[in-house]
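2 protein chains.
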Amino acid sequence: MITLNQPRTNPSRNWKPIAKAFEAIVGKAYVVQRQEELLVYECDGLTSYRQRPDLVVLPKTTEEVAAVVQVCNQYNVPFIARGAGTGLSGGALPIEDCVLIVTARMNQILDVDLANQRVVVQPGVINNWVTQTVSGSGFYYAPDPSSQIICSIGGNVAENSGGVHCLKYGVTTNHVLGLKLVLPDGAIVDVGSKIPEPPGYDLTGIFVGSEGTLGIATEITLRILKAPEAIKVLLADFTNVEAAGQTVSDIIGAGIIPGGMEIMDNFSINAVENVVATNCYPRDAAAILLIELDGLDVEVAEYSQQVEAICYKNGARNVTGATDPAERLTLWKGRKAAFAAVGQISPDYYVQDGVIPRTKLPYVLQEIENLSQKHGYRVANVFHAGDGNLHPLILYDNSVPGQLEAVEELGGDILKLCVQVGGSISGEHGIGADKRCYMPQMFSEADLETMLWVRQVFNPKGLANPDKIFPTPRTCGEAARAKAQEQFPNVDRF
Amino acid sequence: MITLNQPRTNPSRNWKPIAKAFEAIVGKAYVVQRQEELLVYECDGLTSYRQRPDLVVLPKTTEEVAAVVQVCNQYNVPFIARGAGTGLSGGALPIEDCVLIVTARMNQILDVDLANQRVVVQPGVINNWVTQTVSGSGFYYAPDPSSQIICSIGGNVAENSGGVHCLKYGVTTNHVLGLKLVLPDGAIVDVGSKIPEPPGYDLTGIFVGSEGTLGIATEITLRILKAPEAIKVLLADFTNVEAAGQTVSDIIGAGIIPGGMEIMDNFSINAVENVVATNCYPRDAAAILLIELDGLDVEVAEYSQQVEAICYKNGARNVTGATDPAERLTLWKGRKAAFAAVGQISPDYYVQDGVIPRTKLPYVLQEIENLSQKHGYRVANVFHAGDGNLHPLILYDNSVPGQLEAVEELGGDILKLCVQVGGSISGEHGIGADKRCYMPQMFSEADLETMLWVRQVFNPKGLANPDKIFPTPRTCGEAARAKAQEQFPNVDRF
Numbered sequence: 001m002i003t004l005n006q007p008r009t010n011p012s013r014n015w016k017p018i019a020k021a022f023e024a025i026v027g028k029a030y031v032v033q034r035q036e037e038l039l040v041y042e043c044d045g046l047t048s049y050r051q052r053p054d055l056v057v058l059p060k061t062t063e064e065v066a067a068v069v070q071v072c073n074q075y076n077v078p079f080i081a082r083g084a085g086t087g088l089s090g091g092a093l094p095i096e097d098c099v100l101i102v103t104a105r106m107n108q109i110l111d112v113d114l115a116n117q118r119v120v121v122q123p124g125v126i127n128n129w130v131t132q133t134v135s136g137s138g139f140y141y142a143p144d145p146s147s148q149i150i151c152s153i154g155g156n157v158a159e160n161s162g163g164v165h166c167l168k169y170g171v172t173t174n175h176v177l178g179l180k181l182v183l184p185d186g187a188i189v190d191v192g193s194k195i196p197e198p199p200g201y202d203l204t205g206i207f208v209g210s211e212g213t214l215g216i217a218t219e220i221t222l223r224i225l226k227a228p229e230a231i232k233v234l235l236a237d238f239t240n241v242e243a244a245g246q247t248v249s250d251i252i253g254a255g256i257i258p259g260g261m262e263i264m265d266n267f268s269i270n271a272v273e274n275v276v277a278t279n280c281y282p283r284d285a286a287a288i289l290l291i292e293l294d295g296l297d298v299e300v301a302e303y304s305q306q307v308e309a310i311c312y313k314n315g316a317r318n319v320t321g322a323t324d325p326a327e328r329l330t331l332w333k334g335r336k337a338a339f340a341a342v343g344q345i346s347p348d349y350y351v352q353d354g355v356i357p358r359t360k361l362p363y364v365l366q367e368i369e370n371l372s373q374k375h376g377y378r379v380a381n382v383f384h385a386g387d388g389n390l391h392p393l394i395l396y397d398n399s400v401p402g403q404l405e406a407v408e409e410l411g412g413d414i415l416k417l418c419v420q421v422g423g424s425i426s427g428e429h430g431i432g433a434d435k436r437c438y439m440p441q442m443f444s445e446a447d448l449e450t451m452l453w454v455r456q457v458f459n460p461k462g463l464a465n466p467d468k469i470f471p472t473p474r475t476c477g478e479a480a481r482a483k484a485q486e487q488f489p490n491v492d493r494f
Numbered sequence: 001m002i003t004l005n006q007p008r009t010n011p012s013r014n015w016k017p018i019a020k021a022f023e024a025i026v027g028k029a030y031v032v033q034r035q036e037e038l039l040v041y042e043c044d045g046l047t048s049y050r051q052r053p054d055l056v057v058l059p060k061t062t063e064e065v066a067a068v069v070q071v072c073n074q075y076n077v078p079f080i081a082r083g084a085g086t087g088l089s090g091g092a093l094p095i096e097d098c099v100l101i102v103t104a105r106m107n108q109i110l111d112v113d114l115a116n117q118r119v120v121v122q123p124g125v126i127n128n129w130v131t132q133t134v135s136g137s138g139f140y141y142a143p144d145p146s147s148q149i150i151c152s153i154g155g156n157v158a159e160n161s162g163g164v165h166c167l168k169y170g171v172t173t174n175h176v177l178g179l180k181l182v183l184p185d186g187a188i189v190d191v192g193s194k195i196p197e198p199p200g201y202d203l204t205g206i207f208v209g210s211e212g213t214l215g216i217a218t219e220i221t222l223r224i225l226k227a228p229e230a231i232k233v234l235l236a237d238f239t240n241v242e243a244a245g246q247t248v249s250d251i252i253g254a255g256i257i258p259g260g261m262e263i264m265d266n267f268s269i270n271a272v273e274n275v276v277a278t279n280c281y282p283r284d285a286a287a288i289l290l291i292e293l294d295g296l297d298v299e300v301a302e303y304s305q306q307v308e309a310i311c312y313k314n315g316a317r318n319v320t321g322a323t324d325p326a327e328r329l330t331l332w333k334g335r336k337a338a339f340a341a342v343g344q345i346s347p348d349y350y351v352q353d354g355v356i357p358r359t360k361l362p363y364v365l366q367e368i369e370n371l372s373q374k375h376g377y378r379v380a381n382v383f384h385a386g387d388g389n390l391h392p393l394i395l396y397d398n399s400v401p402g403q404l405e406a407v408e409e410l411g412g413d414i415l416k417l418c419v420q421v422g423g424s425i426s427g428e429h430g431i432g433a434d435k436r437c438y439m440p441q442m443f444s445e446a447d448l449e450t451m452l453w454v455r456q457v458f459n460p461k462g463l464a465n466p467d468k469i470f471p472t473p474r475t476c477g478e479a480a481r482a483k484a485q486e487q488f489p490n491v492d493r494f
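Just so you know, the sequences run in chain order A and B.
Under the working numbering, think of the first position of the first sequence as 1, with each following residue one higher.
Under the working numbering, think of the first position of the second sequence as 1, with each following residue one higher.
Just so you know, these hints were derived from the structure itself, not from any lab.
Treat the hints with care, since some could be wrong.
Put simply, identical chains are the same to the list, so a pair is met inside one copy or across any two.
[Said to hold, decoys possible] Here are the simulated DSBU-like cross-link-like pairs (lysine-lysine), alpha carbons at most 35 Å apart as the crow flies:
#	residue 1	residue 2
1	LYS20	LYS60
2	LYS374	LYS336
3	LYS313	LYS194
4	LYS416	LYS194
5	LYS194	LYS226
6	LYS416	LYS226
7	LYS374	LYS194
8	LYS168	LYS313
9	LYS461	LYS194
10	LYS168	LYS336
11	LYS168	LYS333
12	LYS461	LYS60
Could you put together the complete structure from these sequences and hints?
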């Protein structure tokens, strides 16, 4: 049995000497203490939970981060790293009695080595800047979360972020070669290297996706890729969603790995056409499938023919294609605007993030529709179909008491469905504060204990991002708590 | 400071009750106790070190492995897992006072799921069987060590094995989705899943390549790939090795990732032609470059033209190509037979395994030649040029006293050279018993300590494969020990 090591919070803490110690490290201007300024940091992209931090500190260098963490250790203060604050699982959500270490000033691209296809960045560098820096030389950085123009590489590393193009090119962990880290005790270490697959334990792999619970990355070595010669986007429309799902399976089964493969259902199509009017998405389609092919001109042409044939074989009414950059953008425009469009037609929406085996798409989509009817909330489906990564958007009104709790329950039922068919409770948004109650649904007691061993050894005082990933009672609620306790009896602190 | 937790060996141990306990678990036939039968297990592919184990046990199931490990814990007996025994770094080398757990009977393919491109195997399954099982349906398993017809998947997982095709498709860790493990205390856990990138810590990644020090994999979920439509092999010959190295850089720089890209130098070419007479490799070439392209017909044709042009631009005298399977095999035959051919012209050879940034190839090859002349031993170069993974073969005669020590010193100098240019002391053979003295050359004290934390938490008694990966005095020798102590003062047991 292993205990989830948690810091003891101290509501009557004297913050003055701590703030002073931080000021000595980073300068007075970079320690935020005024209540109204701290308000900015009370949540990340998961806006349904809010907690104001006690202090925010903005270091500039690895050494400053290490010194700040050492002060936190000295005073036993929990600390939480935060990048751009766009995360959707509350991974950077403050807790009562904590310091937020914000990487916004660590925004330098430190090295560009085109010959070895490596770029070294600080964690506050925005995802899109990496591609902008190297695109003139014909390179790009593959992981592309929807938030790529505002999210930070440090946050991407913490959450192991994905994106549309991760079907073919893999998620963040496949593109991080090495890290300089500040461990939870303030030590500075290097893991990985510029050379792929160094010997010894793969510590880089374990840090990517550890959501700030094992330390803070202060320098990140990224792999960049050569941009493809040609890109073509195909839009296929279907009169039933199952046919679109089957088409996805058949394309992969034919050995074709598109750059991206996305499905939008009828509700999403109409939301998008109402708001951004692409005039490309047929409003009467049950689903559209967007397929992006990339590679050599000849390769894209050949695959395009094969994909088109597979679409028609599965009953597509129409397949259109675009290779010209402006036309491609038009086809993608609606997909990229889908979340915002849904946001415009509903006061609030709750984004779920689950994964299923591709072959279960038709069954799961039907079950989500059943759950939607049972709970009485609309669910719009917009998702990375190629890798089975669903993003159901549940529409609700947060100003009506009880609706948030009801949609969270519906979201939970969707996650259980994902696990039942052999899938996962998170595809690319992480567990954070939001989903830790569901961890025992997916992992056995022994599996979770094994993860807790790792947390324990790197983060023995539990100061680094507490109350994330692993279930604790505070946010799980009584019912969930009882259930978690039943399923996971040997972990304390439920 | 952290201590490298090592078990206390017991030379006067009474093995009888331990053997009895093993017999109760696996049956009498599967506990090897006779000295002459134990001799078979005294080394793996690194034949220069030998140590007879005290007992060998051959379990059949996960539960049997767990029970055997529990007995080892009860008696504080060190245990070492061994697959087919083909490893080249002594990862499965016994120590004095140990049990060898051999996975040869765990040879079942447990599940084949073509629709989701997954195969689940026991660890004793031979690498090549996976491809044989699925090739009829048009799939294959990508990692292909030279020993693929005899090496086991369990050993591949332990050493994170590579192969010719890992340039394009990645090494073992990129193809392992999940593991059932017996931890060093005998607990059974599952890490990873059939779904890529599950949430929580990436424990699968940390186990792959941990060389048996964190537990024993008893079920392995592998990703299989669709076989390419077309394959073409090109053979280019050069009058200097640097030009071949530059060609490799230019091909990758053009955004082309061949399936494999191998260089052989003049000495290796002649060794091969003497022994297997391919009659394809020009004996007067300073180096040949073998390039395998795969993909769609049209893609291979297009890239083939581009690659040919790059070869000629760099001064290739001739470029020939083959798409027909038999002709392709002929071009590869010499490369595949290179180690054996060198073995026929020299009484013994020592294979080194280091990695350098591709851009340093010309410099490093020249330096290896200088080191070869300085030490007075011939070095044949046959290597995975595309990913900068060198395999210098140092020729010597083990029957002449002092020669082994001299070539080990030369091998060490080559590794130092690799580290100096920003590379690695191991590409795909692991650290094992052979290279742990060089770990402090590549990793700082803090980096190694961080790895030791992980070892400590999973393997607190140090019973699982002791004396591997991390430096200890026993095999490092006095000089190396003093050096290691100087560079890495806070780790005990030098």
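- Task: Return the numbers of the hints above that this structure violates; sort them in rising order.
- Result: Result: no hint breaks.
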